[in-house]
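Novice: The listed protein sequences correspond, in order, to chains S and W.
Residue 33 in my numbering sits at position 33 of the first sequence, and the numbers go up by one each step.
Residue 105 in my numbering sits at position 105 of the second sequence, and the numbers go up by one each step.
Think of the hints as simulated: they come from the structure by calculation, not from any bench.
Check the hints yourself; a few may be wrong.
[To be verified] Here are the computed lysine-lysine pairs in the DSBU-like style, where the Cα-Cα straight-line distance is at most 35 Å: (1) S:Lys-100 - W:Lys-14; (2) W:Lys-9 - S:Lys-68; (3) S:Lys-71 - W:Lys-14; (4) S:Lys-42 - W:Lys-9; (5) S:Lys-42 - S:Lys-56; (6) S:Lys-71 - S:Lys-100; (7) S:Lys-42 - S:Lys-100.
[Claimed, not checked] Chain S is nowhere near these chain W residues, computed Cβ spacing over 12 Å in every case: (8) Gln-6; (9) Gln-11; (10) Leu-13; (11) Gln-17; (12) Ala-24; (13) Gln-37; (14) Met-41; (15) Thr-55; (16) Tyr-64; (17) Val-88; (18) Pro-100.
Ideal Cβ positions, reconstructed from N, Cα and C, are used throughout, including at glycine.
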Amino acid sequence: GESVGLHLPTLSVQEGDNSIINCAYSNSASDYFIWYKQESGKGPQFIIDIRSNMDKRQGQRVTVLLNKTVKHLSLQIAATQPGDSAVYFCADYIAQGAQKLVFGQGTRLTINP
Amino acid sequence: NAGVTQTPKFQVLKTGQSMTLQCAQDMNHEYMSWYRQDPGMGLRLIHYSVGAGITDQGEVPNGYNVSRSTTEDFPLRLLSAAPSQTSVYFCASSYQRGQPQHFGDGTRLSIL
Chain S
1 GESVGLHLPT LSVQEGDNSI INCAYSNSAS DYFIWYKQES GKGPQFIIDI
51 RSNMDKRQGQ RVTVLLNKTV KHLSLQIAAT QPGDSAVYFC ADYIAQGAQK
101 LVFGQGTRLT INP
Chain W
1 NAGVTQTPKF QVLKTGQSMT LQCAQDMNHE YMSWYRQDPG MGLRLIHYSV
51 GAGITDQGEV PNGYNVSRST TEDFPLRLLS AAPSQTSVYF CASSYQRGQP
101 QHFGDGTRLS IL
């Protein structure tokens, strides 16, 4: 069935270090993937997306990698800052059939000073 | 632009009461959706709309109704509140289905 999950529920990194948040999906028909950031008391905020015809996409301090062979994607955040502390969600979208966005449970990233 | 605006931000209800959660967007987005967020379960789709006058059920629609009379507004109605509906509710919108959605800041609902 369709599911999107994250390998770790929590992740702590030192300020200035790079962080990697992982996500696994199960449906090989998924063709679009999104990373969201959710700060406490706020709604999810779009960070970056990637389509299934790409392996990598870069934004400002963030990079998403997609490995379709093992159905895995990751979010890399460079030089983490205190403002990066949040819960990060991956979501996948299947353009055919139900056409729904499926969210993972989230990883809480904590930046230590 | 205000983006996606949800009201109220907090609400406490008694079992059996009904209420409407309001959602409005000013981005002229066609696609709007409602999610609930529960601990350990991520975001689950309740109902969605691909345009004014068109709505459909999501993953967990039971106990909720929606309507879409205008592009801007997409209210969510709880017909008879139950403790299992205690959750944080998010409204989201995008130009089309399958595009990154803009989320509101949520309504935190407690059913006693």
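Novice: For every hint, state whether the structure bears it out.
Specialist: Each hint, compared with the structure:
no. : hint                 : result
1   : S:Lys-100 - W:Lys-14 : holds (32 Å)
2   : W:Lys-9 - S:Lys-68   : violated (39 Å)
3   : S:Lys-71 - W:Lys-14  : violated (44 Å)
4   : S:Lys-42 - W:Lys-9   : holds (11 Å)
5   : S:Lys-42 - S:Lys-56  : holds (28 Å)
6   : S:Lys-71 - S:Lys-100 : holds (18 Å)
7   : S:Lys-42 - S:Lys-100 : holds (22 Å)
8   : Gln-6                : violated (8 Å)
9   : Gln-11               : holds (15 Å)
10  : Leu-13               : holds (20 Å)
11  : Gln-17               : holds (25 Å)
12  : Ala-24               : holds (14 Å)
13  : Gln-37               : violated (9 Å)
14  : Met-41               : violated (7 Å)
15  : Thr-55               : holds (14 Å)
16  : Tyr-64               : holds (16 Å)
17  : Val-88               : violated (9 Å)
18  : Pro-100              : violated (4 Å)
Checked against the numbered hints given earlier, this structure breaks hints 2, 3, 8, 13, 14, 17 and 18; the rest are met.
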